[in-house]
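Protein chains in written order, with our numbering: chain A, 1 to 426; chain B, 1 to 303.
Hints are supplied without guarantee of correctness; some may be wrong.
Calculated cross-link-like contacts (lysine to any residue; reagent style SDA-like; alpha-carbon spacing at most 25 Å) [what the hints assert, rightly or not]:
# : chain 1 : residue 1 : chain 2 : residue 2
1 : A       : Lys406    : B       : Arg298
2 : A       : Lys51     : B       : Pro161
3 : A       : Lys406    : B       : Phe293
If the Cβ cut is set under 7 Å, some of the chain B residues that face chain A in the computed set are [to be verified]:
# : residue
4 : Phe109
5 : Asn137
6 : Tyr156
Output of the computed footprint for chain B on chain A, the stretches with three or more beta carbons under 8 Å from beta carbons of chain B [claimed, not checked]:
# : stretch
7 : 38-50
8 : 109-117
9 : 363-377
No lab work stands behind these hints: they were computed from the structure.
Every residue gets a Cβ at the ideal spot worked out from N, C-alpha and C, and that includes glycine.
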Amino acid sequence: MITRRSLLGAAGLTGATLLAGCSGDPEIDPALGPMATREESGSVTFQIWDKAQEPAMQQIIAAFGEHYPNISVSMSTTAFGSYFERLRIQATGDDLPDVFWINGPNFELYASYGMLQDLSELEGFDPANYPPNLTELYSSQGTPYAIPKDFDTIGLWYNRELLHRAGVDEPTGSWSWGEYRDASEAVTRALGSEQIWGNPGGTANQAYLYPLIMQAGSFVISEDRTTSGYDTEGAIEAFEFLDGMIRDGIAPDVRYTAENLPNELFSNGRAALYTSGNWSAALLQDSPVRDQLGVAPLIHGREEANVIHGIGCAMYARSRNKPAASAFLAFLGSEEAHRIQAAAGAANPAFLGTNDAYVDAIPEFSLDLFVEAAETARTYPASQNTTAWLQLEELLFPKILGGDGKLVESARELADRMNGVLADES
Amino acid sequence: MSHDTATAVRRRPRSRDGLWPLLFLAPLMIGVVVFYFWPILATVLNTFATFDPFGGRSFAGLDNYRTLLSDAFVPRAVLNTAVYTAIVLLGIPIAVGIASLLTQKGLRFSRFYQVLFFLPAVSMPVAVALVWRMIFNQEFGVVNWALALVGIEGPYWISAPWWSLLAVSIVGLWSSLPLAVIILSAGLQGIPPELYEAAQLDGAGTVRQFRSVTVPLLTPSIFFLSIITAINGFQLFDLLFAMMGQANPAMADTQSLVYLFYSEAFRQNDQGYASVIALLILLIIAVLTLLQFRMQRRWVHYE
């Protein structure tokens, strides 16, 4: 499995390096050039990672075909788990697809190494059509290099039935940390004997720890992207808030959640409150307890803070098919394309004013609150080598909350290691 | 190696053979050079470089080696990998026992047992890991259920440091048994029955026969297995990766050397440092194998 893939990847990287070394570096033409006309013919390769979104993307490609009947688009899907390994190998071998999906953690790496086409001149693309915090995520030094495709924000999912049985009122607006803790405690105390928790704990970054750290007045990464926020007072306060619930037996500890994943606990009716993004809607639709589920705005601390992230669509800077790729990419960013993916319920569209179709596509939950949250949400924290410190988070978040009395020490270790990664960025 | 072939090898190639021998050797040689020697050499060269994410390379001197010395994860990973390998090596004596039981004359259902013991080898490692994850689950797992029967509250096998390493090692040992049993069974069948008859005539019982005939004559197979098992042990990765899962508080304390290599190469995008770790793994395995070959003279009996 992974070993084989990784080894193949390593072999591929080496091979690609050799090839790149032999072929020499042709000059990149940074200009976007003219877009294909409606009669022009051409072909575009398009790469995505989500099998579930394939049908919606096919519909978009079909709709594009009506505007540009002579341009063919061939789409390929690579599982998310290996998507960015593959993308790196493709980039190393000068073999990136003409148009492809990218995400926040990987964007800056590709943008800063000249892999992505500067889109400021792209006809029909206006950054003002998307939430500004998303446009910011997909700009590097003020220049847009990808078009926002969709977005996620975070809300508080809850199980009506469990709250009711514990005598807790459903959240109507945003709860404070204290209210969230009290409600969790009431449920755990009342239903703990049935292995039911108030909240399912866990160490999710985007859906749990990032917003809490921001709500405590701190940051994950400083604005100039040179410093980690994990050893700041606010971060420690957020860690201690979660650690306190674990210590008091209100939330399961990290050893428990490593074996019993929070999303499984919640979707199996074994937890009453769950902070997660609108991406959970598709999964919770199939939950055995779906009739008991609802969603409320995210909790708030001293400050209100939510985190926004979404997929971006980018063009390879050395694409050999720029005219056709421009036409397709511009269409991917258009209101029409965003309406198609919204109506398919595939993703929450990024084009302002097209969200109704998505909200209506999943009527079980009031998803409009995720759209409203976008207005005040903060940009997903990222730097050039985000994946490097994401792995450090994965390794050390559970240790910070491990209850071994070394919370501050482990938080400092994470900050130090992350600062090391940031210092190596160019 | 018999005497005849030894002289044949030593024979100088006659000039009229021309390039033919080389030509016939070429398919193998090219494969070995391209897929073994060149990658090792490239890895060594890479240890002195820093990499751009997309292939560019620049000379970094000994920076990567300095990182290795200052990285707190490394000594722990060496220790974890060594402990894992040591535990998995315990599978060899167990396999000797199983193999000799399986090859006993007149054993009923022996085919059935052979299939049973071979099953782990044909199961997908990830599927195996996921099933064991359930078996070791703290709350619902069979292991802790059994422990509870005798009044012991079982630990978090998967997510507490050391316990997690033990759990992974147990599964590693279990998965290593089939190959060992097969090789040892073959070894057992190669022992001439006359030796047992002679031992019987000398008055040796079953236990004495096992100790004085079976084990000494199995030592070549055991030696081969201990080399293979040690090498595999130091390459621990997929089992660990699949069993530990995400967001595991014990992961930082359970990393193996290859896991560290994977993290650096594919998550941290630091191929130079990853190469140093790969070189370290190579050296450890080389030294270990060399030591085993040195020590074999003392305990391995060839007929």
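How the hints compare with the structure:
1. A:Lys406 with B:Arg298: Violated: A:Lys406 and B:Arg298 sit about 49 Å apart, past 25 Å.
2. A:Lys51 with B:Pro161: violated (36 Å)
3. A:Lys406 with B:Phe293: violated (45 Å)
4. Phe109: violated (34 Å)
5. Asn137: Cβ of B:Asn137 sits 5 Å from chain A, so the hint holds.
6. Tyr156: Result: holds, 4 Å to nearest chain A Cβ.
7. 38-50: As far as the stretch 38-50 of chain A goes, the hint is violated, because 0 residues have Cβ atoms under 8 Å from chain B.
8. 109-117: holds (count 3)
9. 363-377: violated (count 0)
The earlier numbered hints that this structure contradicts are 1, 2, 3, 4, 7, 9.
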